[in-house]
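Produce the entire structure from the sequences given, and follow the hints as far as they go.
Each residue of the sequence shown is one higher than the one before, counting from 310 in this note's numbering.
Label-pair restraints from in silico Cβ distances:
# : residue 1 : residue 2 : range
1 : D440      : R539      : 35 to 43 Å
2 : A339      : I411      : 33 to 41 Å
3 : A496      : Y454      : 25 to 33 Å
Hints in this document: simulated from the structure, not taken from any laboratory.
Quick caveat: nothing in here was measured; it's all calculated off a predicted structure.
Ideal Cβ positions, reconstructed from N, Cα and C, are used throughout, including at glycine.
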Amino acid sequence: MRNYRHRLEALQARTGLEFPILAALGGLAAALYAFSSLVDEVGEGETRAFDTAILLALRDAGDTSRPIGPWWLEVMFRDLTSLGSTAVLTLITIIAIGYLLIDGKRAAALVVFVAVGGGTVLSFLLKLGFDRPRPDLVAHAVDVYTTSFPSSHAMLSTVTYLTLGALLARLQERRRLKIYIMGTAAAIALLTGFSRVFLGVHWPTDVLAGWCVGAAWALGCWVVTAWLQRRGKVESAAEHGENEKIAT
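So this is what it looks like as structure tokens:
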């Protein structure tokens with residue numbers, strides 16, 4: 310443990326980067342590695358048994374056209390899956406950008422626009438490139454019109470909620486608030502992705518891939534935001550606190 314701490318301190322000294330930024334870069338690399346591994350396994354057909362087992366486990370044994378559980382559980386997941394829809398994510402992004410612009414945080418607004426807009430373009434290109442068909446093993450509980458890999462609901466909900474969560478958490482000085490904000494953002498992204506499998510419109514590996522590439526993109530945007538804050542281009546937590554004191 311002591312050797313690890315010395316190595317981390319030496320790395321920070323050489324790079325001049327804070328530990329959270331180093332951790333984010335490590336997470337980004339891990340997410341990209343996981344995504345590339347999924348791409349290889351899906352391409353070779355090695356995930357078929359896993360995908361099939363999960364999808365069938367979430368279906369009524371007597372009628373595979375129906376998800377497991379009471380009727381209201383399917384209704385609940387239909388509602389939750391909307392949290393990753395294009396309409397909802399676009400609305401949330403517009404509201405967030407509007408708030409940041411009104412509050413004078415133009416750089417932060419640009420970060421959100423690039424993160425979500427760039428993530429949307431990347432999702433489209435990935436779907437176009439892999440062109441994996443939707444599951445035909447079970448009935449779809451909601452209508453779908455695009456290809457399957459990676460899940461855009463999982464990817465874009467991860468990008469949007471983690472980016473906004475990280476931006477908001479960066480303005481907080483208390484660790485509990487940071488953990489609460491990021492935990493909530495991650496929980497929404499996880500529930501949204503899981504809803505796609507529960508409703509039968511995605512293979513589990515589609516959702517795993519969406520989470521991986523979405524997390525990588527969000528972490529990359531977070532690193533850029535932190536770098537901009539260090540250069541004074543985006544408001545930091547300390548500046549935010551000083552502005553609140555002046556306002557009161």
